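With chain A's structure known, arrange chains B, C and D on it following the hints.
The residues making up each chain are set out below.
There are 4 protein chains.
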Amino acid sequence: MKALVYHGPGNKALEDRPIPKIKDAADAIVRITHTTICGTDLHILKGDVPTCEPGRILGHEGVGVVHEAGSAVTAFKAGDRVLVSCISSCGKCEYCRRGMYSHCATGGWILGNRIDGTQAEYVRTPHADTSLYHIPEGADEEALVMLSDILPTGFECGVLNGKVEPGAVVAIVGAGPIGLAALLTAQFYAPAEIIMIDPDENRLKVAMRFGATKTVQAAGDKASEAVMKLTHGRGVDTAIEAVGVPASFITCEDIVAPGGTIANIGVHGHKVDLHLEKLWDRNIAITTRLVDTVTTPMLLKTVQAKKIDPKLLITHRFKLDQILEAYDAFSKAAQTHALKVVIAA
Amino acid sequence: MKALVYHGPGNKALEDRPIPKIKDAADAIVRITHTTICGTDLHILKGDVPTCEPGRILGHEGVGVVHEAGSAVTAFKAGDRVLVSCISSCGKCEYCRRGMYSHCATGGWILGNRIDGTQAEYVRTPHADTSLYHIPEGADEEALVMLSDILPTGFECGVLNGKVEPGAVVAIVGAGPIGLAALLTAQFYAPAEIIMIDPDENRLKVAMRFGATKTVQAAGDKASEAVMKLTHGRGVDTAIEAVGVPASFITCEDIVAPGGTIANIGVHGHKVDLHLEKLWDRNIAITTRLVDTVTTPMLLKTVQAKKIDPKLLITHRFKLDQILEAYDAFSKAAQTHALKVVIAA
Amino acid sequence: MKALVYHGPGNKALEDRPIPKIKDAADAIVRITHTTICGTDLHILKGDVPTCEPGRILGHEGVGVVHEAGSAVTAFKAGDRVLVSCISSCGKCEYCRRGMYSHCATGGWILGNRIDGTQAEYVRTPHADTSLYHIPEGADEEALVMLSDILPTGFECGVLNGKVEPGAVVAIVGAGPIGLAALLTAQFYAPAEIIMIDPDENRLKVAMRFGATKTVQAAGDKASEAVMKLTHGRGVDTAIEAVGVPASFITCEDIVAPGGTIANIGVHGHKVDLHLEKLWDRNIAITTRLVDTVTTPMLLKTVQAKKIDPKLLITHRFKLDQILEAYDAFSKAAQTHALKVVIAA
Amino acid sequence: MKALVYHGPGNKALEDRPIPKIKDAADAIVRITHTTICGTDLHILKGDVPTCEPGRILGHEGVGVVHEAGSAVTAFKAGDRVLVSCISSCGKCEYCRRGMYSHCATGGWILGNRIDGTQAEYVRTPHADTSLYHIPEGADEEALVMLSDILPTGFECGVLNGKVEPGAVVAIVGAGPIGLAALLTAQFYAPAEIIMIDPDENRLKVAMRFGATKTVQAAGDKASEAVMKLTHGRGVDTAIEAVGVPASFITCEDIVAPGGTIANIGVHGHKVDLHLEKLWDRNIAITTRLVDTVTTPMLLKTVQAKKIDPKLLITHRFKLDQILEAYDAFSKAAQTHALKVVIAA
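Taken in sequence, the protein lines are chains A, B, C and D. With the numbering used here as the guide, the letters of the first sequence map in order to residues 6 to 350. With the numbering used here as the guide, the letters of the second sequence map in order to residues 6 to 350. With the numbering used here as the guide, the letters of the third sequence map in order to residues 6 to 350. With the numbering used here as the guide, the letters of the fourth sequence map in order to residues 6 to 350.
So here's chain A without its partners, still in its complex pose (with noise of 0.2 Å):
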């Protein structure tokens, strides 16, 4: 089969591997129908992420096809459509149970990690039964391609971390493809204003399109200035990062409300300052979170009911062997104006 695999840093490759085979009875084959590029593949191609050694399958989003189940596997058959999740979860250990499937002791973000990805014809998913999720009859599958991570990730870390509820101010620092799934599923909730922040006037009038109330064209301190301002000097209620650098952080921690959260999505590579000394006493909390897929049940009702639409954020189509073109576009964003792409197999 066709697969990208990643050959250390700046090096990936199209190249033909083995139809994977079911390693333990929990397991499921899938065939891959469509697939995307995440942020998290870019990081990495840079040689962030060193649990990924060369050699791997990239990938952790996708829909696709039963082609073979594993003998413990009981809700899953060959020939299900299936959403896969970004995040595996064997159901059982102390972290599935109290769902935190991102901390499973034998699952969390693997996929396209630790183990082979998505960005292949097949994919061999751990942990089926409670990492696969059935495609609703009628279901759009590109749609559903968003449910793998970004939505969940937008809505668990942001949205819900965040506490976003009616009539409340929510910020998102940075409109790229996670800041824009925060928004999506942030008017789940009727939020009176969410203020979109972001350097890149592309991204805020995309912003807008998808609805938010208004939006700031800076970054750092002018960026805060312009929040207080728009806020009368009151700050927001919720704060969502979705960049992963100190500065972010630091808006975020500069138009917080008093009682307000902080919630992160952005992966970090470097320590932030956390100025205690002008937050310990404003009553907030900062929260941090690798998805955990807990909302895909709910998020696949809502898109079932038309309460959001997921393909506002595919820019880009593809076949899978045009996957190096795709990764070119997907990381030339600026230019591109590529939110997620989309590969189909």
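Calculated from the structure, these hints are not laboratory results. Among the hints, a few may not be true.
Intra- or inter-copy, both count: the list cannot distinguish identical chains.
[As the list claims (entries may be wrong)] Below, simulated DSSO-like cross-link-like pairs (lysine-lysine); rule was C-alpha separation at most 30 Å, straight line:
{"id": "1", "residue 1": "K316", "residue 2": "K51"}
{"id": "2", "residue 1": "K276", "residue 2": "K312"}
{"id": "3", "residue 1": "K306", "residue 2": "K276"}
{"id": "4", "residue 1": "K324", "residue 2": "K312"}
{"id": "5", "residue 1": "K7", "residue 2": "K312"}
{"id": "6", "residue 1": "K82", "residue 2": "K234"}
{"id": "7", "residue 1": "K283", "residue 2": "K17"}
{"id": "8", "residue 1": "K283", "residue 2": "K51"}
{"id": "9", "residue 1": "K26", "residue 2": "K316"}
{"id": "10", "residue 1": "K311", "residue 2": "K210"}
{"id": "11", "residue 1": "K26", "residue 2": "K219"}
{"id": "12", "residue 1": "K312", "residue 2": "K168"}
A quick note: this is a predicted structure, and the numbers were derived from the prediction, not measured.
Just chains B, C and D now, with coordinates in the frame of chain A:
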């Protein structure tokens, strides 16, 4: 009347002052029968609290008897025995209506800070209806002095924010009065373990007597290592910071388990390093809070029901004209083993 | 001034009455510019509300202008445009401090019940600081009349108590004004389905226009069967009772799914059969509530942000001297298709 | 092997049966070392549980040693000491993923009901990975038998659903084993008062020994009146129904304070009168629940930490070949003062 007056960094004096008068219809004048000294009073005396100007009568804790009630006061009348909350709350503003009395638009922590306080024979208490509490029949006044500030602070900022629950593993960094108040109130929720961390041997002995299950006599990396060992590498569900310096916050970052909470109580004068490069995917929460005293009615009930004995915290007793000695004993806690010192009229 | 006065079961009259005066320092006198009629007013006129004695001016909803503020009122002054809450709240008692204004020791639902109400040119509002709300600049007064009672009632008793959440299936039994208020505010939480149940065809048409996803024109067993069919035998996550008779509560018992909630809004005059022999192991919750109006600030923000259009509920408009016609139109809703009737000064 | 077999209403026998075999790859066969009898077993013997057919081995509680593990079982192996949960949970279905194991699509309460149970030398446990729990080193097996059903039932259905909290006033109607289990676990949350209500003097004596603060030896109206007197007319924050008959539910309706909760534990065979004409405006919640055993890990920790002593509930001990005597003692509790009887292999 006698009053302890702040005269700028390093200076204080017991002086004669006029008995305060009602300024606003919602005020009450309370004759103080028992007050105490808070670590924050020492901060003021170091010059760390710019809102507190020279000439101010210190003190934000106490119980007493209503001497006079303003014309708009309906819940209290002269002669009523009352607990004075360290937080003044108007009960009307947005923050008070949300239960965040600490951020009351015209109140918050003002006693012994922005206005004259309780280390005197009399004090003027603004917003009396919503900042005083009736002392239940038969209650011990000395015990209730601990409900002005220290117990609600340990409970709200440490225990409630830290989401302590049955069977949980809790660590408290700092076994001073405020850490011990968190220790006492954490036991409302039957955690499996409460690990107290402090370099001071005597304080840890006190902690064991107060219900700690384990102690770590160390600070910094050594403390973190010891806690990780005690928890078999798992870390703690709740880490309570009860010191207010960067090193103890870092300990909390080091020992919090995935899914856990760091509840900050300490008053910080400096920023701390937040290691998001390690914590971004750990699904943790960090909380800060100035006590709201919103749990004072609940705490009064637990004291009345003998679920907690606040007098455990009282180590020394003085009369108001010995208050300079009381400050001396309290500020030299390492030698005197002082926790809370009660000052009677 | 003109006022609509209750004269015992079946009797009411528009009469001349003296303008009310401040009785307590916390009172305000409000000149009413817009008021409305509530289903509860009809209950009073049937003699069902013994606390409301003959001679009482009816009405507990309205907006207006502060005419005079008592000496203890600090948040409002003459000339301020205000929303009058149907619930008077002292802000000081145990229940007010817990956010249960409905059970305020000296307030609760007293307007147009235990004291004179708002269907008049002027009204005396006790506890003005904590029972009136400033009308935001540019807000539509007619729209805000819906925030005195009907919208917080639908929202708090139906939607919040019913724990409506994204992707959920909600059924509302009763498509009268209060059921429609629940329908409008349920959409803050993006449920997948909102099934409206009512025997009246016109009301269901209105419901579809207001955002219902499905309707059931039936009552009793037929309604339950239809809902179970629509939900493929699963039942609903939230069943909201918005009528106040045993049959509609039974419908809720029949259709609630395991783990679901029955949120009662209706005012009941009779006991109902609770089928614990079927429900004891279904893990359900049943809630009751008199509106607390604790969400009024939140609702004001959602109206200002155009997340909801309260004017959808207004079908008829009258002047105060036509109030008997207004009562006539409102009480014959089946013919007039009246939802809420607004009465302007 | 020896097994206690149900032979239709009123009939049971200790018989020889073949040792069960693995039927499904997720099964385990457990050699039972200790089991017990539940009130529900007596219900079955009265013919009240139609899902339990003649020929069934009874019992849904017990601890033991894994004799054989099916090929899909990964968390347990032969020789492991285990606690058997009364609820079988697949860990995969919608309800299991939501923590509602009681409604597991292929599990729930099936042991000793729809399939053979634990009152035998061996039992087949379906979904072993997610329905058994490892027994911690050094734990007392007899004590842990109380964690199969009675303690999680009292805790989840009574204490958690009842939202018991520090300083609260709790009433428990029924001081039988399940009411006492609620009493023991309610103390995790430091309520101010726990009032036990039962007509049986001996049970109330036991209750006082177990931590009740007050008792009411009465039923019906007399019980309600006594509780209202004890609470100075205020009523209770949490009323726990632990009997399962209409009269005790009515007592709960009579004594619940505004804002309070009625948490039903009892198994009801008849409908009850719900006095909505009195309760519609009281802001109460009523909950029902079949135990999910989702708190078993938490309870294991509290037992290990000695926060609770489950052995308090054990009054009688028998060997398996004396199980008919054990049933006799348990079913004549009024004379024998039996609470829980432990049956050793």
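Outcome of the hint check:
1. K316 / K51: Answer is within; shortest intra-copy Cα gap is 28 Å, inter-copy 55 Å.
2. K276 / K312: neither (37 Å within a copy, 39 Å between copies)
3. K306 / K276: So K306 and K276 fail the 30 Å test inside a copy (38 Å) and across (35 Å) alike.
4. K324 / K312: within (29 Å within a copy, 41 Å between copies)
5. K7 / K312: Answer is neither: 36 Å inside a copy and 48 Å across each miss the 30 Å cutoff.
6. K82 / K234: Classified as between; 28 Å across copies, 56 Å inside a copy.
7. K283 / K17: between (46 Å within a copy, 27 Å between copies)
8. K283 / K51: between (36 Å within a copy, 18 Å between copies)
9. K26 / K316: neither (32 Å within a copy, 51 Å between copies)
10. K311 / K210: both (23 Å within a copy, 21 Å between copies)
11. K26 / K219: Neither way: K26 and K219 sit 50 Å apart in one copy and 46 Å across, limit 30 Å.
12. K312 / K168: both (19 Å within a copy, 18 Å between copies)
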